[in-house]
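2 protein chains.
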Amino acid sequence: MNTMYNILLELPFFQGLCHEDITSILEKITLDFKDLGENQVIAQKGSEANQLIFVMEGRIKKDSSTLNGKLIMEEIIRPPYVIEPQALFGWNTTLFSTYSTFSPTKLLVVSKKALRNELFNYEVFKLNFLNYICYQNQKLNQQQWNLEDQTIEERLLSVLWNLSDRNSIQQTIRVKMTILAQFMSSTRLNISRILNEWNDLHLVKLSRQEIIIPNPKKLLMYKEQIKREREK
Amino acid sequence: MNTMYNILLELPFFQGLCHEDITSILEKITLDFKDLGENQVIAQKGSEANQLIFVMEGRIKKDSSTLNGKLIMEEIIRPPYVIEPQALFGWNTTLFSTYSTFSPTKLLVVSKKALRNELFNYEVFKLNFLNYICYQNQKLNQQQWNLEDQTIEERLLSVLWNLSDRNSIQQTIRVKMTILAQFMSSTRLNISRILNEWNDLHLVKLSRQEIIIPNPKKLLMYKEQIKREREK
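Chains as they are written, first to last, in the numbering used here: chain H, 852 to 1083; chain L, 852 to 1083.
What the hints contain is simulated information worked out from the structure, not anything from laboratory work. Don't take every hint at face value.
What the hints assert, rightly or not - Here are the simulated DMTMM-like pairs of lysine to aspartate or glutamate, each with C-alpha atoms no more than 25 Å apart in a straight line:
hint: 1; chain 1: L; residue 1: Lys1069; chain 2: L; residue 2: Glu974
hint: 2; chain 1: H; residue 1: Lys885; chain 2: H; residue 2: Glu908
hint: 3; chain 1: H; residue 1: Lys990; chain 2: H; residue 2: Glu969
hint: 4; chain 1: H; residue 1: Lys963; chain 2: L; residue 2: Glu974
hint: 5; chain 1: L; residue 1: Lys879; chain 2: H; residue 2: Glu969
hint: 6; chain 1: L; residue 1: Lys963; chain 2: H; residue 2: Glu1082
hint: 7; chain 1: L; residue 1: Lys1078; chain 2: L; residue 2: Glu974
hint: 8; chain 1: H; residue 1: Lys977; chain 2: L; residue 2: Glu999
hint: 9; chain 1: L; residue 1: Lys990; chain 2: H; residue 2: Glu899
Turn these sequences into a full structure, and let the hints guide you.
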């Protein structure tokens, strides 16, 4: 029981629950633990979100794309992680991205019914859930209002960072350079020059129609660095 | 009591509550009704969000600005409306915009404490709240991934619409044309030409460093119209 207690406490939304609450949760709801091998689909984009899926161990792959499908982003995600809790409620309760296993993975799956009827009765759990969704909301809103006078390099860094999952440890972006230039209202030459500079700085690895970002946090640090230099 | 019942049922989050629940809410929590004259501050940007403020009657003014303060948007908002419920939880629990009365206004104010300890005990209220926050989240995320190949005119329409409050019935945007051109990675001339066309179509009224949008929904319809024409 102690092990289970520690496992749950590491997951999003369970933090801060007392021993008594966890015991009571374990008595009331069936926690469905799953072990998956690599390259298994966990949940498909567009499918109904009717479960809370926690990633406990391993690495998963998240595939997202722009609405017209011309830019595809593949991210490697580290645990602890929970798959699109914001898709469980609201107007559109389908998943935005596709999730699959990148390495052998341990999941905990809780039904939406158990979430609504049991987990939300725990004040701490409910607040953790609300805090998460509201924080996401605030972050997205801030990003939207962040219309700064940026150079094209800074804008490209912003777009890539804004689309990133915060648990992403590696990204692969598939897009034609001309499309990326169109998105950025710039020229192919400009975008290509910037990406090649980043390649030389080991911030990205370029290959045919693919931009690999081995460490998204490093790209954010670089963005802050050039912003500081510009403001000097 | 019947009047109060009907009043509450018109407000966000109260829809769908049964008569019995409303009666029980009215018995348990003190609902603070406020009548304000025009040009009174309701809540200031950056102040702590510790109340759920419902606008029941009248028109309010919402003032927002981009993070560097170079674009300011003033919106006239119609009821029923609730002021930034997403600011009550999460990492940053301060308001993003400033709200004041534009005409005599009726408010209903509920403390965060009453929300947490009482209102959230009503399943329907809790679900309405969650649905609202999750929907906002999905909408903002979709907007972010909506990197379509758009003309500069469509992109400007998107930016303005994305920053709009859905309850907005009139907007005034204060920004220098050169700044707007920088935000859009375009030229002053291009932006000025587009805005003047919109002015001729009565979609906006232009005056010195001010763009007035008398009907934001009309601008959205125009966006859809030019998109359809482009795709023909």
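Structure-based check of each hint:
1. With a C-alpha separation of about 37 Å, the suggested pair L:Lys1069 and L:Glu974 falls outside the 25 Å cut-off, and the hint is violated.
2. For a cut-off of 25 Å, the pair hint linking H:Lys885 to H:Glu908 stands: about 11 Å separates their Cα positions.
3. Restraint check for H:Lys990 and H:Glu969: the C-alpha separation of about 29 Å exceeds 25 Å, so the hint is violated.
4. This hinted pair checks out: H:Lys963 and L:Glu974 have alpha carbons roughly 14 Å apart, not beyond 25 Å.
5. Our distance criterion of 25 Å between C-alpha atoms is met by L:Lys879 and H:Glu969, whose separation comes to about 24 Å.
6. Straight-line distance between C-alpha atoms of L:Lys963 and H:Glu1082 comes to about 40 Å, which puts the hinted pair past the 25 Å bound.
7. Simply put, L:Lys1078 and L:Glu974 have alpha-carbon atoms about 41 Å apart, too far for the 25 Å limit, and the pair is violated.
8. Between H:Lys977 and L:Glu999, the direct Cα distance comes to roughly 37 Å. Violation of the 25 Å bound is thereby established for this hinted pair.
9. Among the hinted pairs, L:Lys990 with H:Glu899 is consistent with the structure: their alpha-carbon atoms are about 17 Å apart, no more than 25 Å.
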